[in-house]
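*Asks:* Next come the chains, spelled out residue by residue.
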Amino acid sequence: MTEVNNNLKSTPLLNEHVKLGAVMVPFGGWNMPVQYTNVIDEHLATRTKVGIFDICHMGEFLVSGENSEEFLQRLVTNDISRLEIKQACYNCLCNENGTVIDDLFVYKLEEKEFFVVVNASTIEKDFNWFVKHEIGNVELKNLSENIGKIDLQGPYAESTMQKLTDFDLAKIKRFRCEKIIVNGIDEQILISRTGYTGEDGFELYFSPKNAVLMWNMLLKAGEEFGIKPCGLGARDTLRVEACYSLYGHEINESLTPIEAGLGFVVKFNKDFIGKKVLLAQKNNGPEKKLICFEMTEKCVPREQYPIIAGNNQVGFVTSGTFSPTFKKGIGMGYIKSELSNIGGEISILIRGKEYKGVVVERPFYKYKGGK
Amino acid sequence: MHYIGKIPDGVMYTKEHEWVKIENAQGIIGITDYAQHALTDVVFVELPQVGKKAEQFKPLCVIESVKSVSDIFAPMSGSVVEVNNNLSDNPEHVNQNPYGNGWIVKIKISNESEVKNLMKAEEYKNYLEGLKH
Chain S
1 MTEVNNNLKS TPLLNEHVKL GAVMVPFGGW NMPVQYTNVI DEHLATRTKV GIFDICHMGE
61 FLVSGENSEE FLQRLVTNDI SRLEIKQACY NCLCNENGTV IDDLFVYKLE EKEFFVVVNA
121 STIEKDFNWF VKHEIGNVEL KNLSENIGKI DLQGPYAEST MQKLTDFDLA KIKRFRCEKI
181 IVNGIDEQIL ISRTGYTGED GFELYFSPKN AVLMWNMLLK AGEEFGIKPC GLGARDTLRV
241 EACYSLYGHE INESLTPIEA GLGFVVKFNK DFIGKKVLLA QKNNGPEKKL ICFEMTEKCV
301 PREQYPIIAG NNQVGFVTSG TFSPTFKKGI GMGYIKSELS NIGGEISILI RGKEYKGVVV
361 ERPFYKYKGG K
Chain W
1 MHYIGKIPDG VMYTKEHEWV KIENAQGIIG ITDYAQHALT DVVFVELPQV GKKAEQFKPL
61 CVIESVKSVS DIFAPMSGSV VEVNNNLSDN PEHVNQNPYG NGWIVKIKIS NESEVKNLMK
121 AEEYKNYLEG LKH
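Chains S and W supply the protein sequences, listed in that same order. Taking this note's numbering, the leading residue of the first sequence gets 1, the next gets one more, and so forth. Taking this note's numbering, the leading residue of the second sequence gets 1, the next gets one more, and so forth.
This is chain S alone, in the form it adopts within the complex (with noise of 0.2 Å):
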C-alpha cells in the first residue's frame, strides 16, 4: 500500500515511514503518513501507551529583538506578556475581521526571543502577514526548513524519553520548554509539554538531520512501553475527542475564535488586530457557535454533513468520526448559538437519513497528565 508522490514535500523521515509500511497521503503539500497498521491501534496506543508522529511538516518562526514582545502582542490574541521564559501559550493570529488566518503556539524561549509553531500549509501566508506587520528592532527568521519536530504522547511517553536524557524531565511542567541534551544526539534539542492528543507527552525540536536518528531511537527507547509510530489518522481521532481546533475545519479565515470556542486565547486587556470585531461579537453573542455533539444512533458523522433540527439545517459538521475511546459517532461543528445548550437534541444528515445525536459538553476526552 505504500506510494509516493513525488510532486509532495517530504520530511525526513519518509523512508522510516516507507520501512514501516505505512499508507501515505497528501497533507497540507506534504506526502504524510496517514496510518501504519491502523487508525484504531494507533489511537488506543496513544491513550494507554504511547505514541510517536513525525510532526516535521509544521512551520516555526523565530521572533527576536527588543521590540519581539510588542510586536507578537499585536498579532496574536493570547497575552504573551503574562508567559515566562521557557513557557507557552496557544494564540490565534487574526485579521482585522477578527477572522482566523493561523492558529499558532507561542514559546517565551528568553527575555527578548519567541519562538512560534504555526501548521505546515499557512507557513508562507503567516511569515508574510509577520513581515508585514513588522515594526522595527525585530528580527523574524522563518526555521521551517531547518527545524523537525517529533511528537511523543501518551501516558508513557515521559517514560520514554527519560531513557535518553539525563536531565529529569519531571521538572518541565504543562506548557513548559526545556533545552536538553538527548544521550547520541550532537546537539541540545527544544522540548515542550505539550501537544495535539488530550495526553501528556512531549513535542520534540530539532535539527533535520538528527530527525531519522531521533525517531529510531525512540521507537527503541518505547518498546517496553508498547510504543507505536502513528499516522495522521489517529492524530486527527486524537484531537477531535480532545476537542482541538484544526485550522481548515473548526476555524479559518470567515470563522473567529469567539465563534470557536477559543474566547479564553483571546485576552482583550491588550491591543491586537481583530480586537474591536471580537470584543464587539463577546459582548453580543456571536450568531453561530462551536458545538460538541455525540451520536445516540450508531453512524459517523463527517465534516461537512448538515446538521438538522426540528427538519430544519441549523449548521453543519467542521469534523466527525467514530471515537476509538467511546465506541460511537462524535463530532464538532457550527450551529446557530441559540441552539447551542448543552442537551441540546439534533440530527445529522447522512446520506439523506437523518441520524441522532445530542450536544454534549467539550472535551470529550479530558486530559489527566501523567501516570
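To be clear, the hints were calculated from the coordinates, so they are not data collected in a lab. Being a predicted model, the structure only gives us computed values, none of them experimental. A couple of the hints might just be wrong.
No more than 30 Å apart at the CA atoms, straight line, and that leaves these computed lysine-lysine pairs for DSSO-like [claimed, not checked]:
{"no.": "1", "chain 1": "S", "residue 1": "Lys298", "chain 2": "W", "residue 2": "Lys106"}
{"no.": "2", "chain 1": "W", "residue 1": "Lys6", "chain 2": "W", "residue 2": "Lys21"}
{"no.": "3", "chain 1": "S", "residue 1": "Lys298", "chain 2": "W", "residue 2": "Lys58"}
{"no.": "4", "chain 1": "S", "residue 1": "Lys353", "chain 2": "S", "residue 2": "Lys267"}
{"no.": "5", "chain 1": "S", "residue 1": "Lys19", "chain 2": "W", "residue 2": "Lys132"}
{"no.": "6", "chain 1": "W", "residue 1": "Lys108", "chain 2": "S", "residue 2": "Lys353"}
{"no.": "7", "chain 1": "S", "residue 1": "Lys19", "chain 2": "W", "residue 2": "Lys15"}
{"no.": "8", "chain 1": "W", "residue 1": "Lys132", "chain 2": "S", "residue 2": "Lys9"}
Given the coordinates of chain S, work out where chain W should sit on it, guided by the hints.
*Replies:* Just chain W now, with coordinates in the frame of chain S:
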C-alpha cells in the same frame, strides 16, 4: 508483494472486491479479505432494508472505516432477503472474518446468468496480482 489475503474457492468475486456465495437461487454477499485489509478498521456498515432491489455492479450499501466511506456494489441483481444485523454491534467482524460472520447481506438472485460476469477464485487472484497496489 502487496497484500492479497484469503481467496476461498466456492464463491464468486467482483472487480470491486465483493464476493457472493450462490446457493439455491440465493446469494450471500460480503467483501473480500483484500478489501477489508485495505479498508482497515471497519466501524460502521449501513445495512440496506430487506426488500431493497439490488442491481449487478450498482451500489447496494455503504461501509465505513475510521477514515473512509465506501460503497459496496451488488455482485448480482436481486432483492435483499436478509441482512447481517450483528454487524451493527460488531462491525469488526468484517475485518476479522470477511467470508464468515462478517457477511453483509443475503439476496434472492433474479438472474443467475449474471454469474458469467464474475470471477472464480483463481481469476480473482490473478486480478489482484495485476493491481498496482
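*Asks:* Compare the structure with each hint and give your call.
*Replies:* Now the hints, each set against the structure:
no.	hint	in the structure
1	Lys298/S to Lys106/W	holds, 22 Å
2	Lys6/W to Lys21/W	holds, 15 Å
3	Lys298/S to Lys58/W	holds, 25 Å
4	Lys353/S to Lys267/S	violated, 42 Å
5	Lys19/S to Lys132/W	holds, 18 Å
6	Lys108/W to Lys353/S	holds, 26 Å
7	Lys19/S to Lys15/W	holds, 29 Å
8	Lys132/W to Lys9/S	holds, 23 Å
Comparing the model with each earlier hint shows a violation of hint 4 alone; every other hint is respected.
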